[in-house]
Every structure is written in structure tokens, then in C-alpha cells.
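Engineer: Mind docking chain B on chain A? Use the hints.
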Amino acid sequence: MDPAHVVFLIGVTLTIVAIAGYLIAIAVILKRVVNRLVTILGAVEAVTETAQPVGAIIDEINRDLDAGRKLMENGVTRLEESREPARATADEPARHAADRHASEAPGSGTATAAPPTDTATAAPPTAADADADEASPPPRGTGRGWWNR
Amino acid sequence: MTLLWIGNVIFLAVVIPVVVIILRRVVTPATEIQTYADDITEHGAQFAPHLGALGDLATTRDLVKQVNADLERYVRALERIG
Numbered sequence: 001m002d003p004a005h006v007v008f009l010i011g012v013t014l015t016i017v018a019i020a021g022y023l024i025a026i027a028v029i030l031k032r033v034v035n036r037l038v039t040i041l042g043a044v045e046a047v048t049e050t051a052q053p054v055g056a057i058i059d060e061i062n063r064d065l066d067a068g069r070k071l072m073e074n075g076v077t078r079l080e081e082s083r084e085p086a087r088a089t090a091d092e093p094a095r096h097a098a099d100r101h102a103s104e105a106p107g108s109g110t111a112t113a114a115p116p117t118d119t120a121t122a123a124p125p126t127a128a129d130a131d132a133d134e135a136s137p138p139p140r141g142t143g144r145g146w147w148n149r
Numbered sequence: 150m151t152l153l154w155i156g157n158v159i160f161l162a163v164v165i166p167v168v169v170i171i172l173r174r175v176v177t178p179a180t181e182i183q184t185y186a187d188d189i190t191e192h193g194a195q196f197a198p199h200l201g202a203l204g205d206l207a208t209t210r211d212l213v214k215q216v217n218a219d220l221e222r223y224v225r226a227l228e229r230i231g
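Protein chains in written order, with my numbering: chain A, 1 to 149; chain B, 150 to 231.
None of these hints come from the bench; they were simulated from the model.
Every residue gets a Cβ at the ideal spot worked out from N, C-alpha and C, and that includes glycine.
Misleading hints may appear alongside valid ones.
Unchecked claim - Subject to a maximum C-alpha distance of 20 Å in a straight line, what follows is the list of computed EDC-like cross-link-like pairs (lysine to aspartate or glutamate): (1) K31/A - E181/B; (2) K214/B - E73/A; (3) K31/A - E191/B; (4) K70/A - D211/B.
As the list claims (entries may be wrong) - Okay, the calculated beta carbon distance ranges per label pair: (5) F196/B - T13/A: 43 to 53 Å; (6) T180/B - T39/A: 14 to 24 Å; (7) I171/B - G55/A: 43 to 53 Å; (8) A56/A - V175/B: 40 to 50 Å; (9) V47/A - T180/B: 21 to 31 Å; (10) R229/B - V47/A: 46 to 56 Å; (11) A51/A - R229/B: 37 to 47 Å.
Chain A on its own, in the form it takes in the complex (with noise of 0.2 Å):
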């Protein structure tokens, strides 16, 4: 065999195993590639089953946040509604008194009312007062009663 031939089988020769080792090594890289990408298809596949029900979660929680919130709304603009009445109601007998006060002052021949009292704190009227108020009939010659006449 001639020397030239050796020479050209030897560099086809390492031309091969360069290649072949080459595309082995590639091959290895992508086989790792392969299992770190199944991995982390694994894990986001995961991290989708997990996060699938959120949104619908998310939502119930809106709507119920949304429902107490007109709740306590509309809570709040009926309590306000039904204490104006309430307060207009507790300003007009103060307004009352005090005109009973103006027109029943000392010298006037009458006796003097008593202030008005709140009827949750006045004590309640007793038997006693009861037969006081049916003892003592009324003073004769004053009013219109059916005694005067």
C-alpha cells in the first residue's frame, strides 16, 4: 500500500472520529436537555393545575365583598333614614316645653309644670299616687268641670 493512501485512510479516519465524538457529545447534551425540560414541563404543568381555580375563587370573593358592601349600604341609608324622623320628633317636644315654660312663668295663677322628663328614666306612677289623685277631687269654683256645675 502506498504511504499517500495511509495517510489519506488515517485523515479520513480522524475526520470521522471527530465528527462521530462531536455528534455523540451533542446528543448527550440534548438527551440532559431533554430531562430538564420534562422537568420543568412537570412543574409548570403543576403550577397550572394549581392556579386553574383561582379566578373563579377570585371572583366568589368579589361578588360576596361586592354584596356586603350594598349590604351595609343600604344598612346604613335606612338607619339614616328612619333617624330623621326620630330626631325631628325628639326636637319638636323640646320646642313644645319650651313654649309651655314662656306662657306658664311665676305670677301667672297657675301652678308651675314640672320639666319635661324622659318617660324611660321618670319612675312609674304607684298606688299610692293613684289614690292621691282620687282622695283629693279637684278645687271647686276654678275650671270647667262637672262639679262646677
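Structural biologist: For chain B alone, kept in the frame of chain A given last:
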């Protein structure tokens, strides 16, 4: 024979280095891809624990429902008082 030697020299001096250079240009991106995949795997593993709180959203939903029911009772009681 001379042409064969010239061919051998060209083969050994030009073709084989060109083949090696081309193969290295293929291997280098593959190596980088492997590094990126390793980084993604390493940091992707830390991604799942941050989503653990998502499981508590169902509890939050139930608590909001309870708060709504209690709020309704509270408003009714306030209306009864008022």
C-alpha cells in the same frame, strides 16, 4: 501520486479543521442550552412554594361568606334597634 499528497495535505490542514470548527459551533449553543435548562430547573423549583398560599383562597372565600352572613344579621339588628 503528487496530487494524492497534495490532497492529503489539504484534507488534513483544511477539511478537518473546518469540520471541527463547524461542529464546535453546533456544540457551543447546545452547551448554553443545557446551562439555561439547568438554571430554569433550579429556579423553577423555587416557584412552586410561592404558590402554596393559593390553597388558602378557599378558606378566604368561606370566611368572606361567613362575614357576609354576620353582616346581614348585624344590619338587621341595627334596624330593629333603630
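Engineer: Does each hint hold? Answer for all of them.
Structural biologist: Hint check results:
With a CA separation close to 14 Å, the supplied pair K31/A and E181/B stays within the 20 Å bound. Taking the CA atoms of K214/B and E73/A, the gap is near 17 Å; set against the 20 Å cutoff, the hint holds. Between K31/A and E191/B the CA atoms are separated by roughly 18 Å; this keeps the pair inside 20 Å, and the hint holds. For the suggested pair K70/A and D211/B, the alpha carbons sit about 19 Å apart, so the restraint of at most 20 Å is met.
A hinted range of 43 to 53 Å holds for the C-beta pair F196/B and T13/A, which are about 49 Å apart. The hint said 14 to 24 Å for the Cβ distance between T180/B and T39/A, and at roughly 19 Å that hint holds. Distance hint check: the CB atoms of I171/B and G55/A are about 50 Å apart, consistent with the given range 43 to 53 Å. In this structure the hint that A56/A and V175/B lie 40 to 50 Å apart at CB holds, the actual value being about 48 Å.
For V47/A and T180/B, the Cβ-Cβ distance of about 28 Å falls inside the hinted range of 21 to 31 Å, so the restraint holds. For the hinted restraint 46 to 56 Å between R229/B and V47/A, the CB-CB distance of approximately 50 Å keeps it satisfied. In this structure, A51/A and R229/B meet the distance hint of 37 to 47 Å, their C-beta atoms being roughly 44 Å apart.
In terms of the numbered hints stated before, the structure departs from none.
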